[in-house]
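The hints should help you fit chain B onto chain A, whose structure is shown.
What follows is the residue order along each chain.
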Amino acid sequence: MAALTPPAPSETELGADDLPTALLRTDGPVVWFPVRHHSPAAARIVVDLARAIAPAAILIEGPSDFDPKLAELDKDHELPIAIFSHVRTADGSRLGAYYPFCIYSPEWQAFRVAHELGAAVSFIDLPWADVASVGAASHRWADSEMRSSRFVAALCRRFGVEGYDELWDALFEMERDEDLDVATYLRRCHGLCWEARRRDPPSPSDARREAFMAARIRETLAAGPDGPVLVVTGGYHSSALLARLQDEDALEPARVTLRPPEEGEERGIALTPYSYERLDGLIGYDAGMPSPGFYDRAWRSASPTDDETSAPPLHRELLSSVAGVLREKGRPISAADLIAAETMIAGLATLRGHPRPWRRDLEDGVASALIKEERRPAGDGRDHPLIDAVRAVMRGAARGRLAPDAERPPLVADVNEALEAHDLAPGRAPRTVDLDLHRPEDRPRSRLLHRLAILEIVGFRRVGGTDLTSRRDGGRIVERWNIAWSPDLDASLIEASRWGSTLPGAVGARLADRASRIERDAEAAATLLLAAALAGIDGGAEGAGAAGPGVDPIAIGPVRDALLACIRDDGQFGRLAAALGHLLYLYRWDEVLGTAGGDEPGALLAETWTRCLWMLESVGAGETERRVVVGVQAILATFERAGEALALDADELVASCARVVAAAAATPLLRGACVGILWTIRRASPDAVIALLRELAGLPDRLGEALGGIFATAREAVRREAGLLEAIDGAIARWDDAQFLRALPAMRLAFTFFTPREKHHLVLTLRELDARRRRGDRAAPADEAASGDRTDEAPLAALVVSAEEAAASLAFEADLFAAAARFGIRGATEAEA
Amino acid sequence: MAKKKAARAAETKRRVGKARPPEARPADRALDDLQRPAAELLYRDELSRLAEHDGDAPRPAGWRLTPRSVIAFVLGDETLGTEPKFVGRRSFIECCIVALATSRGLMMIGEPGTAKSWLSELLAAAVSGDSTLTIQGSAGTTDDAIKYSWNYALLLAEGPTERALVPAPLLRGMREGKLVRFEEITRCPLEVQDGLLSVLSDRVLHVPELRDDAERTVYARGGFNVIATANTRDRGVNEMSAALKRRFNFETVHPIDDVAAEMELVKRETDRLLERAGIPVQLPPDKTELLVTTFHELRRGKTGDGEAIEPLSTVMSTAEAVGVGVAAGIHAYYYGDGEVGADHLVQNMVGSALKDADEDKKKLRHYFDHVVKRRKGAGWKQWHEARRWLL
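As given, the protein sequences belong to chains A and B, one line each in that order.
Under this note's numbering, the residues of the first sequence are numbered 7 to 839, in order.
Under this note's numbering, the residues of the second sequence are numbered 3 to 393, in order.
One should not assume that every hint holds.
What the hints assert, rightly or not - Simulated crosslink set (BS3-like; lysine-lysine; CA at most 30 Å straight-line):
| no. | chain 1 | residue 1 | chain 2 | residue 2 |
| --- | --- | --- | --- | --- |
| 1 | A | K378 | B | K247 |
| 2 | B | K247 | A | K335 |
| 3 | B | K304 | A | K378 |
Honestly, the hints are just simulated from the structure, not real lab data.
Next up, chain A with everything else stripped away, as it sits in the complex:
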């Protein structure tokens, strides 16, 4: 395979004839070092260069508001970690951004070498809060300028590579150390970035950042350093910074004033653990260099610490890792397959002119040699399982951890303290915590856990218990939580601190944020209120009571306002009625959340109830029957349980229901349910109900629906009122067989509202009616013709059974009961008796 000819990409192809020579000088007062963020080659060269020129100061493109905390960076962290900068803007939106460091980051290595050499270090970029906007990339070192450069695209075509990552690899990473010295690196990288910069002018935000960085460099120079200043920035900025420094006119307005924090704006900056998974460009949409695990290995295999033995080539090491992963997944690879894969990898590297097999060679080679079927993307961003295995190995599993003494945001301490106080701190082994919300000592613990869940802190998961959203099983409110320590716990707490510095504050802000995203969906807003109530809000008559550390009540103003807005805007009856159900629960039924009888839930409930009444007349066909029924029931329940306390207007309810009952265009289900309400609250006589049934008697399928509505809201009344049953019976009797069959499904459904006991009662009543009719008791208001038909019916013919058949049946029955008794099935014993 060594027989393939390599290409010869040369630096002259980069163009860059008129590259300013000052960029390449390493003996001036300012030395410009262009990096690609997260490039091992840049990291190696920056260390070489710094050692060679012994700079007095190293200025790094990083958030300058971290400067006061630079000592934090020097603690004993496990990489990767990131600087996490967050801001809450005056309009309330919260934005966060990361500046990740891994072992092979040029910024990290520049920082380390500065300490080694005793040089001053400083971050010189604008604080992120200054440039933050909703659309800004949250990974600040993602090289988006170079990725989208037209020059880079043209260069890729010329070099026959597929993208910026491959181009960078070919120009820098793959080169053997001895072939890529400082001068070569500077020439190539400045050349590449110079050309890209010339073709694509910078964005206004980039220009602002550059002006700021230039001013910082000037300041450093003005202080009279006793050695050169090494400026480490993205290559895209180097030439612009040089130009700004050379430009005399730029001296005057050079000072970029930082945007002062606005009223109500909150900023924070802290270190947070990071992971290779998050760093991998193949997963995140604005991540930087892909496959951090691969470059990590490349960095380590190149670093001088382990060169005493001849380490295996990088690709072979990775290939054996891939084989290991696949073996674990139960898909072992044979030696022959490994040989074939390695042959492919080497062949591809040679054909592509790579000095050594590299990232894409590995992926393509493995895919080509080992996949034996159509390679089709799985759809959800995943590729063939084999490719996923290769990528997982190249992604690496490294997770950072902050040094124990590293400074953390106040929220972290607040949460940890609360967890300790309530004996909920996660240990190494996962555990399950069962809470009974009726026990006062469990309530604060439940609130704390719900708060962590709202903040999406990893490791706290509710896995079972009473579902308050559906309220199917509201007898006893219990919860089961799984608590497990996760390596991401620290990171998720630090990142949650963008919501606030105390737990109640952060939860309140997070809830407010979620509330602001709800549009015209009353149900979603009410569900959010329910979640807030579980996390402990103030406002109940009983008060938050047993509060402890971290469980002070949360301010729910924004959630309430959002809910109120949704109630007024939501045009869907089903969603409004579902919200009504949640609110009624909070106001009337709740025994454990401390919201019962509260003014706020009460006011919301009254508002929702009124709005539901308005919507009742325009319930569309779009709602499912189930939601209509549940909704009408909620209206009735609210009136019955809270009508007096909240002074709900009975006349309004009566008027609305009466209009629906009279509206022929409304669905029979809704009309039935409304007439049922009127009957239940004694504002309509049974005659009104019977009148509706008579109206619909000729439409078998509609009658069943109307019955469903009536039974849903007037279940008790129906049982008491025999006349209604008689009217139904009369209507059914008039149907022929075909009509009866059509009505049957809806009728069956309607009668499912009753319990078996109630059904039994109904049947008894019917039999009585029938018996009365057979006796010719004309006093009953039943239909004459119908009862006449009935009495003419012949009695059932006797069943003729031979003695043998009877004996066989009895024997079978005996067997059956014996079996039932053996398995302890109910009914067997009675039969024996």
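Chain B in isolation, oriented as in the chain A frame:
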């Protein structure tokens, strides 16, 4: 009826990619008379120029060109003066070429109409200078058609001698050190496929009937390898034996992902086929856009804006798009004013692309009613009006 249409589509598909290179002169009678010249004939100037450029550069044994020149031949290279012949990712072509230089065969799989056969022809032409050592796989393919058979008159007269032996493509490829193409390999019975096992692993073919020991064992010369193609819509590769799968590197040929590149290809090929048929009609660029966008979206099951639509069960391949373009061109020439309109394209889409799939006709209508209707621009309006042919 369906069979006839399928045959027509197959013919169209076979002709896609057939190209008249710029250097083909009208005086070149021999080439012009051929209905479909092989790639090595069609592009012989390009191939000889590349060979010259390669000089003595090292290359795998038996290869006419260096692997880099093979890429330049297939994907085109401005500096070397070769035109692009296949649209696909460079890394994919690289994998194919490297596989051919290893001890495994190359298996190309993919949807119908993704130009697998055309790519295999190009590779054979570039690597061996001969794309004619081709075995067509079918239910009726026997060992005779793959390895060798006998001239029965000579066999009776002389017994099994070298003279009586009729070598089939595989034997010839081994002896001459050339690539052998095996089309639609999964359509062959399993036992016939497995006849390749020893050839691919040991690179040896036994002819036990011959008396001379030296002649009885044929060792493959450098440059021999097998390019097989298989269609994922028919009997899939799942029915191949694991032993045979191991001896191949699998490469999936994906439909063209880049709409602009597909438009260019469809227009170029349609115009070329129409010209060859002596019809002075061209596919207008705006109509190409409508046709290719529709095919592309229906194939992916997603519109350009990312909205999901129901994908058709019919293969909406690039080759089919060319087929529709050509049919519409002929239609417009003989029965219209010589201008390809939306009506011609839509009408022919039903006949030559959808064939007799009624379900697909409904889905296509749905696409026109919901996606096309909302599009702005006069072209899309016409396209929408032409939906009346989708009854």
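We went through each hint and held it up to the structure:
Taking the CA atoms of A:K378 and B:K247, the gap is near 6 Å; set against the 30 Å cutoff, the hint holds. As the CA atoms of B:K247 and A:K335 are separated by approximately 21 Å, the hinted pair is consistent with the 30 Å bound. The straight-line distance between the Cα atoms of B:K304 and A:K378 is roughly 28 Å, inside the 30 Å bound, and the hint therefore holds.
Against the hints set out earlier in the document, no violation occurs for any number.
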